[in-house]
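S.K.: Sequence:
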Amino acid sequence: MLPPSRREFQDIYVVFELMESDLHQVIRANDDLTAEHYQFFLYQLLRALKYIHGANVFHRDLKPKNILANADCKLKICDFGLARVSFNDAPSAIFWTDYVATRWYRAPELCGSFFSKYTPAIDIWSIGCIFAELLTGRPLFPGKNVVHQLDIITDLLGTPSSETLSRIRNEKARRYLSCMRKKHPVPLTQKFPNADPLAVRLLGRLLAFDPKDRPSAEEALADPYFASLANVEREPSRHPISKLEFEFERRKVTKDDVRELIYRGFPILC
1 MLPPSRREFQ DIYVVFELME SDLHQVIRAN DDLTAEHYQF FLYQLLRALK
51 YIHGANVFHR DLKPKNILAN ADCKLKICDF GLARVSFNDA PSAIFWTDYV
101 ATRWYRAPEL CGSFFSKYTP AIDIWSIGCI FAELLTGRPL FPGKNVVHQL
151 DIITDLLGTP SSETLSRIRN EKARRYLSCM RKKHPVPLTQ KFPNADPLAV
201 RLLGRLLAFD PKDRPSAEEA LADPYFASLA NVEREPSRHP ISKLEFEFER
251 RKVTKDDVRE LIYRGFPILC
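Okay, so the sequence shown: first residue is 1 according to the UniProt record's numbering, each after it adds one.
If you are wondering where the hints come from, they were derived from the structure by calculation, not from laboratory data.
Each hint should be verified, as a subset may be incorrect.
[To be verified] Lysine-lysine pairs mimicking DSS-like chemistry, simulated, CA-CA at most 25 Å apart:
1) Lys212 with Lys183
2) Lys243 with Lys117
3) Lys191 with Lys212
4) Lys50 with Lys252
5) Lys183 with Lys172
6) Lys172 with Lys117
7) Lys212 with Lys50
8) Lys255 with Lys243
9) Lys76 with Lys65
10) Lys172 with Lys191
11) Lys144 with Lys182
12) Lys65 with Lys50
13) Lys50 with Lys76
14) Lys212 with Lys182
15) Lys182 with Lys65
16) Lys172 with Lys212
17) Lys144 with Lys183
18) Lys191 with Lys65
19) Lys172 with Lys144
20) Lys212 with Lys117
21) Lys144 with Lys191
22) Lys172 with Lys182
23) Lys50 with Lys144
Please model the entire structure based on the sequences and the hints provided.
M.R.: So, in structure tokens, the structure goes:
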């Protein structure tokens, strides 16, 4: 709906479906969540990630507060303010700022600039942390700082293998982890004794220290944990985003230009 004249066109209103709460509030307020809730929530999140990653977009800030929820247990991922698109032929897109994601949900490779190229596995780790929080009602890795974050991650998962250490590009991070006392992984069945064994098995895959060992969203959806829910034909998919959709970032467009383009019905993003 447009105002009768350009001169009166001052505001834009965006209307979305109402989502009454977020996953943070759901976890804190609901003691009656069941194993079926946990399964359905994770299934929805992985479906969403499959679509997002199919577009070559990394969210980079997944946490319970950025997942909206309604009374029908429907979830929606929100807040794409830190999201980035990855173009395979753009070397400048390989190195990103490491200050992404709330620390508690941040993949270990983001805690110390571990690798030269980040992958969608950074979001898979965050989903694993969120799933663990669903299972217990408490954050899994509530680190006080980056060093403490790595400490409590390795307390649970054990110290990384020599192969993983050899691929860490940040010398300081590599030296710190190499000098860390040897830690053996804690069995996740011990950490989550009341959880469905299949849920715990999948959680272990999502929380692999080395990003190359984590499944993609599509691979995770094929896990036996979702045998009663999975339907490949119903799963969303999409092609990678075209560079043309980001041409607007190269233009110097004034407020009046935007007003004119919208009023005339011209697409701004192409």
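S.K.: Next step is simple, just say for each hint if it's right about the structure.
M.R.: Hints and how they fare:
Taken as a hint, the Lys212 and Lys183 pair is honoured in the structure, with Cα atoms around 21 Å apart against an allowance of 25 Å. A threshold of 25 Å between alpha carbons decides the hint, and for Lys243 with Lys117 the separation of about 19 Å falls inside it, so the pair holds. Of the pairs offered as hints, the one joining Lys191 and Lys212 holds, with about 24 Å between alpha carbons and a cut-off of 25 Å not exceeded. Taking the CA atoms of Lys50 and Lys252, the gap is near 34 Å; set against the 25 Å cutoff, the hint is violated.
At roughly 19 Å between alpha-carbon atoms, Lys183 and Lys172 fall within 25 Å of each other, so this suggested pair holds. Simply put, Lys172 and Lys117 have alpha-carbon atoms about 18 Å apart, close enough for the 25 Å limit, and the pair holds. With a C-alpha separation of about 17 Å, the suggested pair Lys212 and Lys50 falls inside the 25 Å cut-off, and the hint holds. Taken as a hint, the Lys255 and Lys243 pair is honoured in the structure, with Cα atoms around 23 Å apart against an allowance of 25 Å.
In summary, the hint linking Lys76 to Lys65 is supported, as the alpha carbons are separated by about 11 Å, within the 25 Å threshold. Restraint check for Lys172 and Lys191: the C-alpha separation of about 30 Å exceeds 25 Å, so the hint is violated. For the hint pairing Lys144 with Lys182, the CA-to-CA distance comes to about 22 Å; that is within 25 Å, so the pair holds. Under the criterion of a C-alpha separation no larger than 25 Å, the hint pairing Lys65 with Lys50 is consistent with the structure, at around 20 Å.
With a C-alpha separation of about 13 Å, the suggested pair Lys50 and Lys76 falls inside the 25 Å cut-off, and the hint holds. Taking the CA atoms of Lys212 and Lys182, the gap is near 22 Å; set against the 25 Å cutoff, the hint holds. About 35 Å separates the Cα atoms of Lys182 and Lys65, which puts this hinted pair outside 25 Å; it is violated. For a cut-off of 25 Å, the pair hint linking Lys172 to Lys212 stands: about 21 Å separates their Cα positions.
Between Lys144 and Lys183, the direct Cα distance comes to roughly 20 Å. Compliance with the 25 Å bound is thereby established for this hinted pair. With a C-alpha separation of about 24 Å, the suggested pair Lys191 and Lys65 falls inside the 25 Å cut-off, and the hint holds. For a cut-off of 25 Å, the pair hint linking Lys172 to Lys144 stands: about 19 Å separates their Cα positions. A distance of roughly 11 Å separates the Cα atoms of Lys212 and Lys117; the hinted pair therefore holds under the 25 Å criterion.
As the CA atoms of Lys144 and Lys191 are separated by approximately 21 Å, the hinted pair is consistent with the 25 Å bound. For the hint linking Lys172 to Lys182, the alpha-carbon distance of about 18 Å falls within 25 Å, and the restraint holds. Between Lys50 and Lys144 the alpha-carbon distance is near 31 Å, which puts this suggested pair outside the 25 Å criterion.
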